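Chemist: Sequence:
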Amino acid sequence: MNLIDAIILAIIEGLTEYLPVSSTGHMIIASSFMKIASDDFTKLFTIVIQLGAIFAVVVLYWKRFFQSLDFYFKLLVAFIPAVILGLLLNDVIDELLESPLTVAISLIIGGFILLKVDDWFKSNEVYDEAHPEAHTNISYATALKIGFFQCLAMIPGTSRSGASIVGGMTQKLNRKTAAEFSFFLAVPTMLGATVKKTYDYYQAGFVLSSDQINYLIVGNVIAFIVALIAIKSFIDYLSKHGFKIFGYYRIILGVALLIIHYFIYSLTTI
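Going by the working numbering, the sequence shown opens with residue 583, and the numbers climb by one from there.
Here are the simulated DSS-like cross-link-like pairs (lysine-lysine), alpha carbons at most 25 Å apart as the crow flies:
(1) K698 with K727
(2) K758 with K826
(3) K758 with K645
Listed next, with one range per pair, are the computed distances between beta-carbon atoms:
(4) L840 with L658: 37 to 43 Å
(5) S705 with I807: 36 to 42 Å
(6) L651 with Y844: 51 to 57 Å
(7) Y722 with V777: 21 to 27 Å
(8) Y784 with I834: 39 to 45 Å
(9) N796 with K754: 44 to 50 Å
(10) Q649 with K704: 25 to 31 Å
Read the hints as simulated data drawn from the structure, not as lab findings.
Keep in mind that this is a model prediction, so the values were computed, not measured.
Virtual Cβ for every residue (Gly too), placed ideally from N, Cα, C.
Produce the complete structure using the sequences and hints provided.
Modeler: Take a look at the structure:
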């Protein structure tokens, strides 16, 4: 990995982390096309630059993070499933992170779900208008259920934000409310993933070089700036238009990846 690679991956992370299109999937695709080695530092980089995206949420919604202790307890409850499954499936997840084919299939499946999700939960928009307290009064049970939905994103290409937003909508939250709770849940989830990945990196005997530290710093700054813009644009668009455009995008990208994978496989077997 070089500095240009780091900048491109950070832009992709900032743009896609909070969109229901899978930031990890896009970084796997980009890394594959740019022929970035799938080594331990690259895997660490794709996780650690999420800190920049986390900070974007904290800056944009800073008042929410000081509203009550109850807010933090609910985020903790929603975070617990990811902690347990993440520890149990760590090795499996690492293997999946090297598979563009897994990303392609997940993109397509998720795309078809997003094409229908607005119709499935159309009544949520009316429910939330009649119950304006729904956001602040998200129950612990609801938070836990959203946390389990988020775990689906351990499959690359699924989308952490997409899974948790759909999870929120199954609990009668409207699109905007579900998306914002997904943003908040990203903070402990990505922070935990960063700490775990960094710990594993050093436990394996690796040490960051000065260049690698610079890549991480630059990556986080860029991811933060791009995520600020992406979050505000996404919320505005989602509130007015829904998920269909993201569904079509996922399907087109997933099919294109399958075609590319097929041709590459065919050439290598000739």
